[in-house]
Amino acid sequence: MSVLVFAELEEGQVKKSSLEAVSYSLALGGEVSVIAFGTMDDSAIAELGKAGATKVLKVTDAKLAENNIMAYSSAVAEAMEKEGADFLVLAKSSLGDPISARVAIKVGAALGSNVVDLPDTSSGFKVKSSIYTGKAYAVSELKGDKKILVLKKNAAEIKEDGGAPAVEEFTPATKDEDFKAKVTSTDKATGDVLLPEADIVVSGGRGLKGPENWGMIEELAKELGAATGCSKPVSDMDWRPHHEHVGQTGIKVSPSLYIAVGISGAIQHLAGVNSSKYILVINKDPEAPFFKAADYGVVGDAFDVVPKLTEAIKAQRS
Amino acid sequence: MKILVCITHVPDTTSRIAFTDGNTKFDKNGIQFIIGPYDDYALARAVELKEQHGGSITAINVGEAETEPTIRKALAIGADEAIRVNAHPEDAIFVAKQIASVAKGGDYDLILMGRESIDFNGGQVHGMVGEILGIPSISPVMKLDIEGNTAKVTREIEGGKEYLEIEMPFIAGCQEPIAEWKIPNMRGIMSARTKPLNVIDPTGDNPMNVVEVFEMPPAKSGVKLVEPDNLEELVKLLKTEAKVI
Ligand SMILES: Cc1cc2nc3c(=O)[nH]c(=O)nc-3n(C[C@H](O)[C@H](O)[C@H](O)COP(=O)(O)OP(=O)(O)OC[C@H]3O[C@@H](n4cnc5c(N)ncnc54)[C@H](O)[C@@H]3O)c2cc1C
Chain A
255 MSVLVFAELE EGQVKKSSLE AVSYSLALGG EVSVIAFGTM DDSAIAELGK AGATKVLKVT
315 DAKLAENNIM AYSSAVAEAM EKEGADFLVL AKSSLGDPIS ARVAIKVGAA LGSNVVDLPD
375 TSSGFKVKSS IYTGKAYAVS ELKGDKKILV LKKNAAEIKE DGGAPAVEEF TPATKDEDFK
435 AKVTSTDKAT GDVLLPEADI VVSGGRGLKG PENWGMIEEL AKELGAATGC SKPVSDMDWR
495 PHHEHVGQTG IKVSPSLYIA VGISGAIQHL AGVNSSKYIL VINKDPEAPF FKAADYGVVG
555 DAFDVVPKLT EAIKAQRS
Chain B
-12 MKILVCITHV PDTTSRIAFT DGNTKFDKNG IQFIIGPYDD YALARAVELK EQHGGSITAI
48 NVGEAETEPT IRKALAIGAD EAIRVNAHPE DAIFVAKQIA SVAKGGDYDL ILMGRESIDF
108 NGGQVHGMVG EILGIPSISP VMKLDIEGNT AKVTREIEGG KEYLEIEMPF IAGCQEPIAE
168 WKIPNMRGIM SARTKPLNVI DPTGDNPMNV VEVFEMPPAK SGVKLVEPDN LEELVKLLKT
228 EAKVI
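Those sequence lines, one after another, are chains A and B. Counting in the numbering used here, the first sequence runs from 255 upward without gaps. Counting in the numbering used here, the second sequence runs from -12 upward without gaps.
Derived by calculation from the structure, the hints in this document are not laboratory data. Please note: incorrect hints may appear among the correct ones.
For lysine-lysine, the following PhoX-like pairs were computed, each having C-alpha atoms within a straight-line distance of at most 20 Å [what the hints assert, rightly or not]: (1) A/380 x B/12; (2) A/463 x A/309; (3) B/148 x A/436; (4) B/223 x A/413; (5) B/130 x A/442; (6) A/538 x B/211; (7) A/336 x A/309; (8) B/139 x A/434; (9) A/531 x B/226; (10) B/130 x A/436; (11) B/148 x B/130; (12) B/230 x A/531; (13) B/230 x A/476; (14) B/207 x A/546; (15) A/442 x B/139; (16) A/531 x B/211; (17) A/442 x B/148; (18) B/207 x A/531; (19) A/434 x B/148; (20) B/130 x A/434; (21) A/562 x B/91; (22) A/360 x B/91; (23) A/568 x B/223; (24) A/568 x B/230; (25) B/226 x A/568; (26) A/463 x A/538; (27) B/226 x A/476; (28) A/562 x B/223; (29) A/476 x B/207; (30) B/12 x A/546; (31) B/91 x A/434; (32) B/139 x A/436; (33) A/400 x A/336.
Small disclaimer: the values here were computed from a predicted structure and weren't measured.
Next comes chain A alone, as it looks inside the complex (with noise of 0.2 Å):
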């Protein structure tokens, strides 16, 4: 058995998302190739070998230097062929969906969308999916020959002892008809964590009266390695740019702790972070509902109690 994960590169780095999918396709059993596309890091070639790949086809051709999602799509159906690969396995993410879904037509294969564990194989394919926003799983069967897995966050842990995997260029074989949509410019925050893939995420709501008070939630999330975050409102007031809004119509984010300040817990924005492993909670209100969902919880105003988190914090390091 031969599985192909699309991996995604961050600034010459494998993202941590794709580093799950390359062990996940590990676990699933058989030898695993990752295709990624652009420059990358001698140290991320070392990486995706250890999380299980042996295997890595670079795509550098600079036609391919943009994100071109029909392109990407032809390109991984190619290196599918290429490989013998029955599976795809993947990280959800802003390419990896439409990719998944393309490839899926091109090859004929089964699509299981936000897989949350390893396949139940006993008997057939059985895939688990998070499902309704996090409010519910799905058991699903995958059918046919061909699978594409599409993972959410923690899926899989990273593993870290496989060895050096061969490297090979690939050039897949462009066709004009795939370059129909350009990217004319991209508008990137750079050096933050990024939401969707952080292990720690710090959220801000309308508890916190404006934008000038989010000194204290960065403070907060940058001893913790963690990424920000924000409420609905706090995003439609433009107190934090669009990308960070989580909840039912924003980011879904699963990271194993997520710390809401100043958030009433609203069933729209508890869908988009009941998939995350331990929730914090601090608001100034007991009855705020989103302590029902919390794991831990500090009844206080956060004017106060986040920067005396931050320093407690601190203190425990040193």
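Given the coordinates of chain A, assemble chain B with the ligand onto it according to the supplied hints.
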């Protein structure tokens, strides 16, 4: 400009989710169904584009007869006609094949839908329809403007935005702030009753992802409260009990 808007019929965002029949069926008891919130953005933008550029809007839903009130709401908001493919929306591939089959005969300049449905959250139907039709699919789209035959589109990516230029026809999976949700007015509601809603049979395609059973996440065991002046205790719990920091 001919626009096709794909709408899902999904439980209201405040719904408590439950299952019946040994966890094999969604429990519709007490559930209010709505146009998917992302599809609502797509529809609202379609109405604005029609106001600016003229043309017509067709709404399509893959669903059984129970979805008709939701489809009528789309007509009340501003679709000119609607198509219901008479079938249970089994999986993304099945739904995509139904939409693509309708789109093939319709010569649409633009196909809009939500970035994902809020029941299965796959976010894959637009990509699949695009692939079947051989046209680009872009999602999640935050801004979409049309000039002549070209569209300028803003797509959200992790940590930022991507700006694209693209010729019609193409497909977009929409999200906020592409447009404000529109609430149907009385005139819209009245006219929706007489607008055409054509029911057609599905293609013979089979689903490839078949749900066997649903599960609920384990209930939280209850919150551990820590006093605001004892945060060292909280740090200790996070470190030694949860082991997350
Ligand atoms: C279709 C639909 C989709 C939606 N999608 C989303 C979504 O994706 N994400 C989302 O977040 N919302 C979503 N919402 C909105 C949601 O219903 C809530 O309105 C929103 O989550 C509330 O945001 P909030 O908790 O920041 O604000 P509030 O509800 O105003 O809560 C503020 C909280 O801060 C606390 N507080 C105030 N001062 C302090 C202080 N000094 N210290 C500590 N705590 C303090 C208060 O006790 C309160 O609990 C959606 C709504 C609809 C209808």
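Evaluation of the provided hints:
Restraint check: the Cα-Cα separation between residue 380 of chain A and residue 12 of chain B comes to about 17 Å, which is no more than 20 Å; the hinted pair holds. Taking the CA atoms of residue 463 of chain A and residue 309 of chain A, the gap is near 51 Å; set against the 20 Å cutoff, the hint is violated. Restraint check: the Cα-Cα separation between residue 148 of chain B and residue 436 of chain A comes to about 14 Å, which is no more than 20 Å; the hinted pair holds. Simply put, residue 223 of chain B and residue 413 of chain A have alpha-carbon atoms about 27 Å apart, too far for the 20 Å limit, and the pair is violated.
A threshold of 20 Å between alpha carbons decides the hint, and for residue 130 of chain B with residue 442 of chain A the separation of about 16 Å falls inside it, so the pair holds. For the suggested pair residue 538 of chain A and residue 211 of chain B, the alpha carbons sit about 15 Å apart, so the restraint of at most 20 Å is met. At roughly 13 Å between alpha-carbon atoms, residue 336 of chain A and residue 309 of chain A fall within 20 Å of each other, so this suggested pair holds. With a C-alpha separation of about 13 Å, the suggested pair residue 139 of chain B and residue 434 of chain A falls inside the 20 Å cut-off, and the hint holds.
A hinted pair counts as satisfied when its Cα atoms are at most 20 Å apart, and residue 531 of chain A with residue 226 of chain B qualifies at roughly 14 Å. With a C-alpha separation of about 15 Å, the suggested pair residue 130 of chain B and residue 436 of chain A falls inside the 20 Å cut-off, and the hint holds. About 10 Å separates the Cα atoms of residue 148 of chain B and residue 130 of chain B, which keeps this hinted pair within 20 Å; it holds. Proximity of residue 230 of chain B to residue 531 of chain A is assessed by CA-CA distance (about 11 Å); at most 20 Å being required, the pair is judged to hold.
Taken as a hint, the residue 230 of chain B and residue 476 of chain A pair is honoured in the structure, with Cα atoms around 18 Å apart against an allowance of 20 Å. For the given pair, residue 207 of chain B sits about 8 Å from residue 546 of chain A by alpha-carbon distance, which is consistent with the 20 Å threshold. For a cut-off of 20 Å, the pair hint linking residue 442 of chain A to residue 139 of chain B stands: about 18 Å separates their Cα positions. Taking the CA atoms of residue 531 of chain A and residue 211 of chain B, the gap is near 15 Å; set against the 20 Å cutoff, the hint holds.
This hinted pair checks out: residue 442 of chain A and residue 148 of chain B have alpha carbons roughly 6 Å apart, not beyond 20 Å. With a C-alpha separation of about 10 Å, the suggested pairing of residue 207 of chain B with residue 531 of chain A holds against the 20 Å cut-off. Taking the CA atoms of residue 434 of chain A and residue 148 of chain B, the gap is about 19 Å. The hint holds against a cut of 20 Å. At most 20 Å may separate the alpha-carbon atoms for a hinted pair to count; residue 130 of chain B and residue 434 of chain A meet this at roughly 18 Å.
A distance of roughly 61 Å separates the Cα atoms of residue 562 of chain A and residue 91 of chain B; the hinted pair therefore is violated under the 20 Å criterion. A threshold of 20 Å between alpha carbons decides the hint, and for residue 360 of chain A with residue 91 of chain B the separation of about 18 Å falls inside it, so the pair holds. Proximity of residue 568 of chain A to residue 223 of chain B is assessed by CA-CA distance (about 12 Å); at most 20 Å being required, the pair is judged to hold. Only pairs whose Cα atoms come within 20 Å are accepted, and residue 568 of chain A paired with residue 230 of chain B is accepted, the gap being roughly 16 Å.
Between the alpha carbons of residue 226 of chain B and residue 568 of chain A the distance comes to roughly 13 Å, so the proposed pair stays at or under 20 Å and holds. Of the pairs offered as hints, the one joining residue 463 of chain A and residue 538 of chain A holds, with about 13 Å between alpha carbons and a cut-off of 20 Å not exceeded. Between residue 226 of chain B and residue 476 of chain A the alpha-carbon distance is near 17 Å, which keeps this suggested pair within the 20 Å criterion. Only pairs whose Cα atoms come within 20 Å are accepted, and residue 562 of chain A paired with residue 223 of chain B is accepted, the gap being roughly 14 Å.
Of the pairs offered as hints, the one joining residue 476 of chain A and residue 207 of chain B is violated, with about 28 Å between alpha carbons and a cut-off of 20 Å exceeded. The straight-line distance between the Cα atoms of residue 12 of chain B and residue 546 of chain A is roughly 27 Å, outside the 20 Å bound, and the hint therefore fails. Taken as a hint, the residue 91 of chain B and residue 434 of chain A pair is honoured in the structure, with Cα atoms around 19 Å apart against an allowance of 20 Å. For the hint linking residue 139 of chain B to residue 436 of chain A, the alpha-carbon distance of about 10 Å falls within 20 Å, and the restraint holds.
Simply put, residue 400 of chain A and residue 336 of chain A have alpha-carbon atoms about 14 Å apart, close enough for the 20 Å limit, and the pair holds.
Consistency with the previously given hints fails for numbers 2, 4, 21, 29 and 30, ordered from lowest to highest.
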